[in-house]
Amino acid sequence: MRLTVLGGYLGSGKTTWLRHQLHEGALADAFVVVNEAAETPVDDVLLTRSSRIAVLAGGCACCTARADLLTLLKGICDERSRTASGDERLQRIVLETSGLADPGPIVEAIRADPILVHHIVVSEIIVAIDALHALAQLRGEPLGRRQVEIADRLIVTKVDAAEEAALARLLATLHTINPGAAISGAVKGSEVALPSWADAEPESLPDLSGDGERPAIFPTKLVIDETIDWTAFSVWLSALLHARGDDVMRVKGVVRTPAGRLLVQSVRKIVQSPEIVPEQVDGERREDNTIVVIGRGYRGDDLRKSLRHFAGQR
Amino acid sequence: MCASCGFPAAAGHWTEAGASTAPDRLRARFRRAEVLKAVLPSYGLTAHDGAQVPGIQLSTLSGSHTIVRDLEEVWATAEKLTGSPIDPLDPRFIGGE
Chain A
-12 MRLTVLGGYL
-2 GSGKTTWLRH
8 QLHEGALADA
18 FVVVNEAAET
28 PVDDVLLTRS
38 SRIAVLAGGC
48 ACCTARADLL
58 TLLKGICDER
68 SRTASGDERL
78 QRIVLETSGL
88 ADPGPIVEAI
98 RADPILVHHI
108 VVSEIIVAID
118 ALHALAQLRG
128 EPLGRRQVEI
138 ADRLIVTKVD
148 AAEEAALARL
158 LATLHTINPG
168 AAISGAVKGS
178 EVALPSWADA
188 EPESLPDLSG
198 DGERPAIFPT
208 KLVIDETIDW
218 TAFSVWLSAL
228 LHARGDDVMR
238 VKGVVRTPAG
248 RLLVQSVRKI
258 VQSPEIVPEQ
268 VDGERREDNT
278 IVVIGRGYRG
288 DDLRKSLRHF
298 AGQR
Chain B
392 MCASCGFPAA
402 AGHWTEAGAS
412 TAPDRLRARF
422 RRAEVLKAVL
432 PSYGLTAHDG
442 AQVPGIQLST
452 LSGSHTIVRD
462 LEEVWATAEK
472 LTGSPIDPLD
482 PRFIGGE
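Chains A and B supply the protein sequences, listed in that same order. Count the first sequence with this note's numbering and you get residues -12 to 301, in order. Count the second sequence with this note's numbering and you get residues 392 to 488, in order.
Among the hints, a few may not be true.
Said to hold, decoys possible - Label pairs and their in silico Cβ distance ranges:
1. 472(B) with 275(A): 43 to 49 Å
2. -11(A) with 404(B): 18 to 24 Å
3. 481(B) with 275(A): 27 to 33 Å
4. 179(A) with 433(B): 31 to 37 Å
5. 433(B) with 129(A): 45 to 51 Å
Unchecked claim - Derived coverage of chain A by chain B (criterion: at least 3 residues anywhere in the stretch with Cβ under 8 Å from a Cβ of chain B; other residues may be distant):
6. -10 to 1
7. 5 to 15
8. 132 to 140
9. 241 to 253
As the list claims (entries may be wrong) - Calculated pairs, BS3-like style, for lysine-lysine (alpha carbon to alpha carbon, straight line, at most 30 Å):
10. 471(B) with 175(A)
11. 428(B) with 292(A)
12. 428(B) with 239(A)
13. 61(A) with 471(B)
14. 256(A) with 471(B)
15. 471(B) with 239(A)
The set of hints was computed from the structure by calculation and includes no laboratory data. Here the structure is a predicted model, which means the values were calculated and not measured. Glycine residues also receive a C-beta, built at the ideal position from the N, C-alpha and C atoms.
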């Protein structure tokens, strides 16, 4: 089963977006799990269009309610396993996190669970970004930044309410924090075009790590050329994540291997089972053999040198 | 769960995903052993994988050895044996002494 994690800061428009997707029938076959930190759930009322829904209220799934979430997911897996083979089986789960959740620990908890790891593949982390308030949140809230860092796809909501210059600045800032993520815009859940942010200056964000000594998180692009084979790369990356997993927050990219195009991604120390992705169709311009490593506490160039050293052992 | 050894069936380590045919898998195992053999000695360890039995054999210079299942266990065991993790960003691997 594929799990889509939908996160985003408080009031960033997660539910509105999801509701629209359900209305459009995009996720109609999905089991929707809504997590709310507050005791009284509201969002499920808005999401009546989904055929199957469960609410996890009164705790955040990345910390206090993590055990409850795992139990709930196991229940879903269990039910799916009991579906007769002729019947249609559940293929997709959408987890809408609370605004206080860091999607990272949730994904880690699922990958670390001995049962769920066999049933659930986290296919995408979508994070909703409030076009009006996100810059302030990014300036002052470590959580807001963590959410952006970890996303595969950023959906900037309430685009119609924001000034174009401020919006472009926000987009440039988001791109600086997480260059790997696809960014799209939405108004009440429907996709809208975003202005270009090529000329906008990204906001310089203050260091929020508390002690002021932690270096900034930055992305490094690694090109996997013909001298670097997948096996050597995987030996290198597994060692890197073992030694530096707390500093290397996200690794993502598509690598060509003898088995096909492989989508590799990790969240901190957890590596998602790589997925073989189809060949690109015309017009698709995903860069193959490029890996983005997002982290801190090392020099980007040292990553490249070290990878070359490992791959050069013949 | 495996009925003979009681070990939960592993989903296959992610590092093994790049090979889908038996010859590719064998090639990948030899290549993996080749890289490990080059990287580990500076930490006082050696690796061997003759592809005869499952797993990778890790040995210390004093001759004790252990068999591990995949790369994740290689690094975890190496850390246990040597007392510190094998860090790819260590100066010995990036050319700056």
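Against chain B, does the segment 132 to 140 of chain A show at least 3 residues with beta-carbon separation below 8 Å?
violated (count 0)
Holds or violated: residue 428(B) with residue 239(A), Cα cutoff 30 Å?
At roughly 27 Å apart (the allowed maximum being 30 Å), residue 239(A) and residue 428(B) satisfy the hint.
Residue 433(B) and residue 129(A), beta-carbon distance inside 45 to 51 Å?
Once the Cβ atoms are compared, 38 Å apart, the range 45 to 51 Å for residue 129(A) and residue 433(B) is violated.
Is residue 61(A) close enough to residue 471(B), meaning Cα to Cα at most 30 Å?
Between residue 61(A) and residue 471(B) the Cα gap is close to 33 Å, so the pair fails against 30 Å, i.e. violated.
Compare the distance between the alpha carbons of residue 256(A) and residue 471(B) with 30 Å, and conclude whether the hinted pair is satisfied.
18 Å, holds
Is the gap between the beta carbons of residue 472(B) and residue 275(A) within 43 to 49 Å?
38 Å, violated
Three residues minimum, CB to CB under 8 Å: does the segment -10 to 1 of chain A make the cut for coverage by chain B? Let me know.
Result for this restraint: violated, n = 0.
Proposed proximity, residue 292(A) with residue 428(B) (alpha carbon, max 30 Å):
It holds: about 19 Å lies between the C-alpha atoms, which stays within 30 Å.
Between the alpha carbons of residue 471(B) and residue 175(A), is the straight-line distance 30 Å or under?
53 Å, violated
Are residue 179(A) and residue 433(B) spaced within 31 to 37 Å by their CB atoms?
55 Å, violated
Please verify whether residue 471(B) and residue 239(A) have alpha carbons no more than 30 Å apart.
Judged against 30 Å, a Cα distance of about 29 Å means the pair holds.
The segment 5 to 15 of chain A covered by chain B? Criterion: 3 or more residues, Cβ-Cβ distance below 8 Å.
The restraint on the segment 5 to 15 of chain A is violated, since only 0 of its residues have a Cβ under 8 Å from chain B and three are required.
Checked against the numbered hints given earlier, the structure breaks hints 1, 4, 5, 6, 7, 8, 10 and 13 and satisfies all the rest.
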